[in-house]
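Enquirer: Could you use the hints to bring the two separately framed chains together as a complex?
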Amino acid sequence: MTRKRALSFVSITCLNRFPSRMSSAVTWGIVMGLILAVVAPVAYSRGPLIYAIKDARIVTVTHGVLSKGTVVLRDGLIEAVGRRVEIPEDARVIDGRGLTVYPGLIDAHAEVALRLPKSTGRQPGGASERSPRPPTPSKRPSLHPDRLAAALLQADDARLDKFHRVGITTALTIPRRGIFIGQSALINLAGDDPARMVIRSPVAMHIGFDRMGGFRTFPGSLMGVIAYIRQTLYDAQHYELAWNRYRRLKRGVRRPAWDKALEALQPILKREEPVVFIANEAKEIRRAIALADEFHLNAIISGASEGYQVAALLAEKGVPVLVSLNFPTQPKGADPQADVPLRVLRLRARAPQTPAALYRAGVKFAFTSGFMDDPKDFLANAAKAIEAGLPEEEAIKALTINAAEIFGVDEQLGSIEVGKIANLVVTDGELFDEKTKITHLFIDGRQIELKEAPKKPGAAEEQPTADASGTWELTVESPQGPISVTAVLEQVGNKITGTLTSMFGTTNTEGAVSGATVRFTATVDVQGQSMDVEFEGTIEGNTMKGTVSVQGQGEFPFTGTRPQKGAWL
Amino acid sequence: MKRQPIIAILVTLMALGLGAIGQATPSATIVIKNARIVPITAPDIERGTVVIRNGRIAAVGAHVSIPGRARIIDARGLAVYPGMIDSGTRLGLVEIGAVRATIDTTELGEFNPHMRAIIAIHPESELIPVARVNGITTVVSKPSGGIFSGQAALINLDGWTWEEMELKAPVGIVFNYPSIRSGRFFDFSTFQFKERSYQKAKKERDEKLKKIRKLLDDARAYAKAKEARATDPSLPPLKTDHVLEALIPVIRGEWPFIVEANLERDIKSAIAFAEEQNVRIVLSGGADAWKVASLLKEKNIPVILGPILRLPQREDEPYDQPFTTAKTLYEAGVLFAFQTNDAANVRNLPYHAAMCVAYGLPREEALKALTINPAKIWGVADMVGSIEVGKLANIVVWDGDPLEIRSQVKYLFIKGRQIPLTTKHTELYERYRNRPE
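Protein chains in written order, with the numbering used here: chain A, 1 to 569; chain B, 1 to 437.
Calculated from the structure, these hints are not laboratory results. Wrong hints could be hidden among the right ones.
Straight-line C-alpha distance at most 30 Å; calculated DSS-like pairs for lysine-lysine [what the hints assert, rightly or not]:
1) LYS268(B) / LYS200(B)
2) LYS214(B) / LYS268(B)
3) LYS297(B) / LYS208(B)
4) LYS291(B) / LYS332(A)
5) LYS210(B) / LYS332(A)
6) LYS376(A) / LYS376(B)
7) LYS194(B) / LYS268(B)
8) LYS364(A) / LYS317(A)
9) LYS332(A) / LYS202(B)
10) LYS203(B) / LYS332(A)
11) LYS239(B) / LYS226(B)
12) LYS162(A) / LYS437(A)
13) LYS327(B) / LYS168(B)
14) LYS210(B) / LYS297(B)
15) LYS332(A) / LYS194(B)
16) LYS332(A) / LYS211(B)
17) LYS283(A) / LYS194(B)
18) LYS332(A) / LYS268(B)
19) LYS200(B) / LYS162(A)
20) LYS208(B) / LYS332(A)
21) LYS332(A) / LYS317(A)
22) LYS214(B) / LYS376(A)
23) LYS162(A) / LYS376(B)
24) LYS545(A) / LYS437(A)
25) LYS376(A) / LYS54(A)
26) LYS332(A) / LYS226(B)
27) LYS226(B) / LYS200(B)
28) LYS139(A) / LYS194(B)
29) LYS297(B) / LYS376(B)
30) LYS437(A) / LYS451(A)
31) LYS291(B) / LYS200(B)
32) LYS210(B) / LYS299(B)
33) LYS203(B) / LYS268(B)
34) LYS268(B) / LYS211(B)
35) LYS317(A) / LYS384(A)
36) LYS139(A) / LYS317(A)
37) LYS194(B) / LYS376(A)
38) LYS226(B) / LYS214(B)
Next up, chain B with everything else stripped away, as it sits in the complex (with noise of 0.2 Å):
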């Protein structure tokens, strides 16, 4: 038959192509054996085995009998972790960040907390599997802009489609708390310095906590209005209003509010207007959150914090300010993850982490920080964070210590599913490696 040549070619090309991304499928079963086991939640396994199965981890010990018919893999020598989130990205919203097209993370106007991060993440972004083949196998995507920006969503960096990234959406409404801006500002539309005097500032930022107030009191009322609806059918239908639709979770409790404050003037404001909402609260930034350590531990208020390398918040902060932080939440008691709060550069989470333990905080909290802490704060601890069964088999194998740069990924599995170690990176170096002299 005719037709027959152009199957061939079909299935070359799909062995070519796409071989390497289905070289295992989740079905199968996996054994790593003879590797060394950081499960995070329960103490270091010297030589152990992990055994994958259906997606999840199906066992994990130092003595687990190894099931026929599995992919073994020999990792005598390598390192076990969980697979590490980053807790604030831009991942999937921004490709290029020069080219505004590849830009989808803010919408117009302040109050946008209908806007669904999940939906408008790109899955063939290049930036993904930059990130993940340095060991991040899930992280959340955060819209930006505005007051309430929109619905952050915790995605798992492997999928075709964002409903295969999803591990949990939304996680939350980022909310850029209000602060109170005076001084010098350079004004674009005049093209001018300008001087904004306190009392101004203030008013305006009071201005918008009131319009915040009553947006929250619109979205309680609606809620009752609903609720209404449900035991007394007979009432007249109440109009559908997705702003103060998407805010019901978060005045019931069921979503946080991730509040965007790095001040201590606004930490501690927005701690306040919580308790006053009964809402609850992510910090994230928190770039001075080692000022407020212990009102954060006494309000049980989860940090996100990051970039970690930066420079100090203000010019006569110690140098190492922003180093240092983590080690004061970790001794105060205050449960912190890492976020990078990038897109290009998710892949150095890592190091923001490890510049910490160059700073004090014990290797363990870094690690944890960067694992079980973020599925705890995200409400994923059944699901990610650490080596154990019935968790999703997210695990990287390590030939040394994932906090060291030099460290490199051997494996990679998402759901179980190994993960090829290509990036756009290794494409361009394999491909003008091969150019003819």
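Isolated chain A, as found in the complex (with noise of 0.2 Å):
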């Protein structure tokens, strides 16, 4: 989040907390003066973060289902969770009467938050170290073992609103592409400093079967990336036995050279780190559970689309497996005659068979956005899984507390219990149905704003119905009482332009008319820091009703009237 958002947040969230009735200008000052006061950096020093959400169904995952109970967060932790709960003097309460609350989702595989290094592109040997000759074995092209997700964090990535609207609070992160791609770390989906956004790191070293593609490049086939990572391998299983005769010996014996891939890659030969292998074809599963059990390592699967053809398998060697939820469909814009080779449509529709294939196997599984750029078909295909056969409740486990034993933090991740990490996705309905809509989401105790998707350019305007021209006074609903509104509005066409007069001072106004929907949006200066408000409403008659979004404030309802029709004068 950046920090213009931050501070907007801090601003009227305190703002919300004074007495409804207090002038506008007493109102004003306290706020310019907290807004002074919190310019302070950092977001997590913002107040007590102390929320109580009450009367609300609870989703644990691991200790059953609250008809009607209440979880308290404070400081970024689950406080307390149960039927008869107090609700602590201090927290923040938020109405959970027809909401349900579950633990925040986590994509057990993505690309997100990162800072990507220009070299994980198709250039194996990386970009920089281009030669004209092409990449050989002892070369090593994309051996990156060495190389640390949680190093490479960015906190802004402006793809992380894309996550939150599905309600994933949680991702392991790691570059997409390459051979030895690095290791992983699991992150929470907000905050301002990286360092405060990584759960665990180390959490897996990952490979990749990339090809490299072109024409002159190794390894360009299956084959050859599987030759070319046993001799890695080998290599690093080398390294230490070199290693250890020169630190016991120390004398006479000719010091090895140090080399930081083969230093990185001890761990996953000890046994320590587990290995994510990227398999998506049933055939590079098979391989890379025979590279697992040749270099004794700890293998999971991610990927996994043909994983209904080898689910037995999985189960016989206890392999987990991350499944992408990022099914094959027919890409869009696609030639609607074109001649669609069966085995393509048959992996469409059988891909979303995997996760209960696996289920009835006996195989662990949790699921990840498998690198779409936008999940936002990220519960719908989770749904999908459940209308191929996999129970609903094991769908829940495998967006949560799945990943979290997967990852080796169940202690603190993966359900709704006492002490562990305030993740939790609150909706109004079973989160798995496309009608339901996220309403809040919690990441390590902080509610996150969910901003929703920019609507489609080019969606078909109506011709205007209704004539927004005239002053209208507008009354906004706000959780701590009505704030007054004067709008001068003058329609052209569909266009609106004009002014708007609050406490905050007047604004130039401008927006359009489609149907009997009238939309405008303005930007209100509060000292120095804008802050964007759009009121959508419908008029009737003389009336207008409907809802105003205030950036970082969430959506409050409005209504208004028109003492004055047409243009003021």
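Expert: What follows is the structure, encoded as structure tokens:
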């Protein structure tokens, strides 16, 4: 989150806590003072983070479902959960009637909040070391086991909103491409300070079977990739033996060369760190398992779109799977008459059956967004897996506690239990129901603003059926009481221009009318900090009704009347 | 005289070097007797005689009187067939695919209806003898590339110049029907794989069709203006436009478009386009023709099938789809012929047809598709395609079934001239066989 957003958030949450009848001038002064007081840069230090969600349905995951209970969050942790929990005096109370609380969802494999090094692209040797000669095994293409995702974190990834929108609070993050890709970090998807986002690092070594493509590039085939991985792991084993011998004998032994890559591979050979193999095709999964057997690795499979074919093998080997919910589908803009081969159609039909097949075989699995750029289908695709035979509670586990267990953080994450990290998703219905909306999201005990997906440009705008011109007296129902706004609007065609006057002063506004729906936005200037406000309402005669969304604050209802029709004079 | 030895040497050289080709002059009368005759358009004659005179077939039958002073070939145990016609090749336009200087099939630009393949034919091509010693006497040589590639030529595979080789040119304008190509493709300009959406690909295709329509409209206007000047000489002279000039016979229905299309969607679209523009088309390629056989029959559109010896169009099609398409077309009553679409391997033409016979096409129909059908499609059924009196003496004497790979050609005549059965292949064979130990 940027500092600007954090600030606006603080100013209004503070404002909201003052008595509603206070005169605007007094409120204004206090707001100013508070803003000046909290200009300090750290978002975590702004006042008490104490919430109580009461009378909500609570899906604890590990301890069943409470049909009516309360969760108390304090300073980033879950302080209490239960049917009869005393609500602390100092808590901000959220009325949870009609709402369901789930643990924050975990995306078990993503490429998010990372500042990607340029060399993670298709150039295996790294763009910087591009040589006129093609890479060979001895040039060790795509060998970055020493790369730590935690060191590449950037807090202000614009894509975080997209993850929040589907309830993802936590992700295992790592660059997606390469062979020896690096070591992943499990992070919470909010915060100003990357260091505070990390829950665990390193979590696992990630190995991909990326064929490097191109014409004169090694390795260009799956067998080449496997051969290269094996040679590198043998090299790592030899490295350890050579150094051990040197350390033991000290004299009379030529000292081995230090190698950061082979050094970094030691934990996986000692089974201190698991290896995530990115393998979608059945043959890739089989080969990953064969590799794990050969080098006695602690393997995890990620992707597994053809996992339904090898569920029994995965169960026999006790290999957990991170199942990608990025199910293959017909690409957008594809030729409607294209001759799609049967094998492609089969994979499209069967990939959603993988979770159920793994469940039946007894394989532990978690869900991943599968490197979707926008994980908007994350929950919808999980629902497809349920439709294909996966029990709903197993789907919830795959989104929460299973990932936490696979990554060794089940004491901190994955369920609603006292002492765990306060990552929560609050919905107005069943998680997998397409009509369900996420109403609140908490990460590390902090409420996260949910931004709606931007409306598609070019969506058919209706001809205006209402005339918004005139002077409107609007009343915004803020949680602390009504706020008056005078809107003077003039409509030409479907365009609106005008001014808004409130306790924040007068600003210009513009907008549009579509049918009887009017939409206008303004930027309110609060002591140098600007805040976007968007009104959306329906006009009926001389009344207007709708919602206003305030950047960082959420949405509030408003109503209004128009004593004066026509343009003001 | 001092000159005499030189002349003697020249005469000797001619006798040695050219003697083989000059064995028989077209004016001589040649009689092939005691042969099994397969005239194609008439019932087989178990034991008959063919008389060749002045380059044409003078007589054919079981009881033909043998003229005096004729060269007589006793073809006991042999079979006489008309020369085969390959309806789509690059023969004479390509010598060695890997040597750019020997390729003359393609001009730059999209619209080259005025490019004439006939004048680009290289009569000395080493590939021509290779093709004809396997019984192929006549081929269509097609230009390629762009949208209108140029004018295809029907040539006999014998002659010192392209004029001597020409049987009919042009037989049509090659029209690469624009297809909607979406999805992943390799962009050579950036050396990367890229995606093209269906919407974009369709738009590009539609743009091309629009251009083609406009060009045909221009050709109509041009033809009209030209006619007007023929009747009214007072009109100002018309600037000659080669491109539009070449399209006049097409819009008048005199030449067909040889439409290169393989996908069902493109074939249907091409048929609709031809109706809309009121032009004649011959479908070439036609991998999906089996899906639209009844439509092809209904619209009376001939098909040049091939190459047959290839993989199916799609990975889920039956493995034998390329081999059974001919049977489907035959059963639907569609007029079709075969093509190899090749230069060096035109000699394999009979085996393309033979594969169709193995997969259900009646043998006689395969033979027709190699002889009389293409003659009909290209409008030369009065000259070639069967053994009938008056037709050109393009005649092949086989020691077996031409569709059988072990059969050998024993005698070969193009326009009545006996062709030596030597090729670059036999030349190299002899040369290295005689190499000293």
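Enquirer: Between LYS194(B) and LYS376(A), is the straight-line Cα distance small enough, at 30 Å or below?
Expert: 25 Å, holds
Enquirer: Measure nothing beyond the straight line between the CA atoms of LYS268(B) and LYS211(B); if it is 30 Å or shorter, mark the hint as holding.
Expert: 19 Å, holds
Enquirer: For the pair we were handed, LYS291(B) and LYS332(A), check the Cα-Cα distance against 30 Å.
Expert: 27 Å, holds
Enquirer: Given the hint that LYS214(B) pairs with LYS376(A), test it: the Cα-Cα distance must not exceed 30 Å.
Expert: 46 Å, violated
Enquirer: Next pair to validate is LYS139(A) with LYS317(A); report whether the Cα-Cα distance is within 30 Å.
Expert: 33 Å, violated
Enquirer: Is LYS194(B) close enough to LYS268(B), meaning Cα to Cα at most 30 Å?
Expert: Holds, at roughly 28 Å.
Enquirer: Given the hint that LYS297(B) pairs with LYS208(B), does the C-alpha gap stay at or below 30 Å?
Expert: Holds. LYS297(B) to LYS208(B) sits at ~27 Å (cutoff 30 Å).
Enquirer: Can you confirm whether the C-alpha distance between LYS376(A) and LYS376(B) stays at or below 30 Å?
Expert: 62 Å, violated
Enquirer: With a cut-off of 30 Å on the C-alpha distance, tell me whether LYS376(A) and LYS54(A) pass.
Expert: Judged against 30 Å, a Cα distance of about 29 Å means the pair holds.
Enquirer: LYS208(B) and LYS332(A): Cα distance at most 30 Å?
Expert: Distance ~24 Å between LYS208(B) and LYS332(A) Cα, so the pair holds.
Enquirer: Are the Cα atoms of LYS162(A) and LYS437(A) separated by 30 Å or less?
Expert: 14 Å, holds
Enquirer: Given the hint that LYS210(B) pairs with LYS299(B), does the C-alpha gap stay at or below 30 Å?
Expert: 23 Å, holds
Hints 6, 21, 22, 23, 26, 27 and 36 from the list above are not met by this structure, while the remaining hints are.
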